[in-house]
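Please model the entire structure based on the sequences and the hints provided.
Single-letter residue listing:
There are 2 protein chains.
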Amino acid sequence: MFTRLTALLGVYLALAAPTQPPGPDPAHAAAHHEFAIDNFRTESNVVLPKTRIVYGTYGRLNDARDNVVLLPSHYMANHHGYDWLIGSDRALDPAKLFLVATELFGNGQSSSPSNTPEPFHGPRFPVTTIRDNVEAVHRLLVDDLKVTHVRAIIGFSMGAQQAFQWSVSYPDFADRIVATAGTAKTYGHGFVRLEGQIAALTADPAFQNGDYTSPPKAGLAAFATVWTAWLFSQEWWRKELWKASSPPGTMFEQTLHEFRTNFIPGADANNLILQCRTWEKHDVGAT
Amino acid sequence: MFTRLTALLGVYLALAAPTQPPGPDPAHAAAHHEFAIDNFRTESNVVLPKTRIVYGTYGRLNDARDNVVLLPSHYMANHHGYDWLIGSDRALDPAKLFLVATELFGNGQSSSPSNTPEPFHGPRFPVTTIRDNVEAVHRLLVDDLKVTHVRAIIGFSMGAQQAFQWSVSYPDFADRIVATAGTAKTYGHGFVRLEGQIAALTADPAFQNGDYTSPPKAGLAAFATVWTAWLFSQEWWRKELWKASSPPGTMFEQTLHEFRTNFIPGADANNLILQCRTWEKHDVGAT
Numbered sequence: 001m002f003t004r005l006t007a008l009l010g011v012y013l014a015l016a017a018p019t020q021p022p023g024p025d026p027a028h029a030a031a032h033h034e035f036a037i038d039n040f041r042t043e044s045n046v047v048l049p050k051t052r053i054v055y056g057t058y059g060r061l062n063d064a065r066d067n068v069v070l071l072p073s074h075y076m077a078n079h080h081g082y083d084w085l086i087g088s089d090r091a092l093d094p095a096k097l098f099l100v101a102t103e104l105f106g107n108g109q110s111s112s113p114s115n116t117p118e119p120f121h122g123p124r125f126p127v128t129t130i131r132d133n134v135e136a137v138h139r140l141l142v143d144d145l146k147v148t149h150v151r152a153i154i155g156f157s158m159g160a161q162q163a164f165q166w167s168v169s170y171p172d173f174a175d176r177i178v179a180t181a182g183t184a185k186t187y188g189h190g191f192v193r194l195e196g197q198i199a200a201l202t203a204d205p206a207f208q209n210g211d212y213t214s215p216p217k218a219g220l221a222a223f224a225t226v227w228t229a230w231l232f233s234q235e236w237w238r239k240e241l242w243k244a245s246s247p248p249g250t251m252f253e254q255t256l257h258e259f260r261t262n263f264i265p266g267a268d269a270n271n272l273i274l275q276c277r278t279w280e281k282h283d284v285g286a287t
Numbered sequence: 001m002f003t004r005l006t007a008l009l010g011v012y013l014a015l016a017a018p019t020q021p022p023g024p025d026p027a028h029a030a031a032h033h034e035f036a037i038d039n040f041r042t043e044s045n046v047v048l049p050k051t052r053i054v055y056g057t058y059g060r061l062n063d064a065r066d067n068v069v070l071l072p073s074h075y076m077a078n079h080h081g082y083d084w085l086i087g088s089d090r091a092l093d094p095a096k097l098f099l100v101a102t103e104l105f106g107n108g109q110s111s112s113p114s115n116t117p118e119p120f121h122g123p124r125f126p127v128t129t130i131r132d133n134v135e136a137v138h139r140l141l142v143d144d145l146k147v148t149h150v151r152a153i154i155g156f157s158m159g160a161q162q163a164f165q166w167s168v169s170y171p172d173f174a175d176r177i178v179a180t181a182g183t184a185k186t187y188g189h190g191f192v193r194l195e196g197q198i199a200a201l202t203a204d205p206a207f208q209n210g211d212y213t214s215p216p217k218a219g220l221a222a223f224a225t226v227w228t229a230w231l232f233s234q235e236w237w238r239k240e241l242w243k244a245s246s247p248p249g250t251m252f253e254q255t256l257h258e259f260r261t262n263f264i265p266g267a268d269a270n271n272l273i274l275q276c277r278t279w280e281k282h283d284v285g286a287t
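Taken in sequence, the protein lines are chains A and B. Numbering follows the numbering used here, in which position 264 of the first sequence is assigned residue number 264; successive positions increment by one, without gaps. Numbering follows the numbering used here, in which position 252 of the second sequence is assigned residue number 252; successive positions increment by one, without gaps.
Careful, some of the hints might be misleading.
No distinction is drawn between identical chains; accordingly, a pair holds when it is met within one copy or between any pair of copies.
[As the list claims (entries may be wrong)] Listed below are the simulated DMTMM-like cross-link pairs for lysine to aspartate or glutamate, each with C-alpha atoms no more than 20 Å apart in a straight line:
(1) K281 with E240
(2) K96 with D143
(3) K185 with E235
(4) K185 with E253
(5) K239 with E118
(6) K239 with E253
(7) K146 with E258
(8) K146 with D89
(9) K185 with E280
(10) K217 with D175
(11) K281 with E135
(12) K146 with E34
(13) K217 with D89
(14) K243 with E253
(15) K50 with D144
(16) K281 with E253
Source of the hints: derived by calculation from the structure; they are not laboratory data.
This is the structure in structure tokens:
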């Protein structure tokens, strides 16, 4: 399904590597896995009886177990979030590397407000931190895959947050990190920006403090519209660069409508908020 | 009453002129006036039976009627919005100049959704444009004050929008314009940003499509929170420069709470939206 965040990454790709061909690549047929952890204790000191990290792998782990690259997901992404980097003619060749693309708590696949039973369902799911995510993925790599060292940790946005956290929590684990469009700490402005989006979503009483029975549509649309203004530069809008990824004849109003109503299709409101809060709390200095 | 937009201008002033003394100035005792127009036809072709422009004056119109400076208001401001520029030791000395500070339609004093009777009350008030405002103020100056030329039109933000419009609609009217933090046209990003704020406000069903019986508090708080993220730079937040205008010991959370709950105290939701739409529609090129 077409999503606007995918479109964003598409634009990002188009700018970063204009000669690369678009379209699907056989390498993107990731193997889908889950790693379960019993009694996972979060940094906020909540014990979740059952948690899971969903992840995809590309390529094959070699016998020396030394061809691993970790790709932690960005906001609300699944493990296909880095497909644009993966391919025989791209930065990450699965014929040589074993790529492990993990999904953050709260994306709706890994343990999330939406898929966790009571007493931690919905708004009662604890605010997981970037450190919690790194701890869970560390266990996945060490305990499940028997991998104790990786060639690189590559992350975009919240993926970059995780890469920075890895370099502090486990400084010898990776040869390098490649962190783009992310920081080692969320400063005041990031907090205010995210709280604005949350305020927009929760202004809709259909949200019912997180115990909604159907999606709070007006709140979700407001959340999307507010975020849309933060996605691209003033110059991008002024030059109408959205036309580059839209069918000919698309009007500005249609573009805004698409962002407003189809931002992250099917995303659960509590999940959207949980990952905002994960983002806000990020600070490698508190490790 | 303390308002955060006033605080913003206070910060702006502090940065622009750090040696100027704070506090009230006798010159700020503006004379308060109203100018009424019968059957004002808006650019959208609605005829408002009775409209009014509220304005303040400082100083005295000289006999030659050639010492006038026009100060059109910024978003939701009243005619005290430029007091920080006015004084015997400041840029605009009312002992020499006759200052006319006008208030935009929709600020709650000049004709606004909140103070206009049916059939144009609340959400039925037409979207007035910057050109509509310039036309009304032109009549005020020419018909009421018998002023046909001014020394300057000085405007901040939506005041700058008006200054640019004056220079196109009446290119010989002013010797100069001084337009700060505003543009001659609202481009796509400005539209998206403002629509995000409106979406946040109207996600609250207490808004009732503009026919609310009491203020939509959650929506107003969401509107304020979203806007807050756009007020200051990332660097301003990162350096915690809000501390400069806060009592000692003020925490970040208190600061955000203040913005969220006391952004433009008492502002009416339909008025807030009307002026956003005035802002969005601005384009001197359509004159």
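Just pull the numbers of the violated hints for me, sorted ascending. Hints 2, 5, 7, 8, 10, 13 are the ones this structure does not satisfy, whereas the remaining hints hold.
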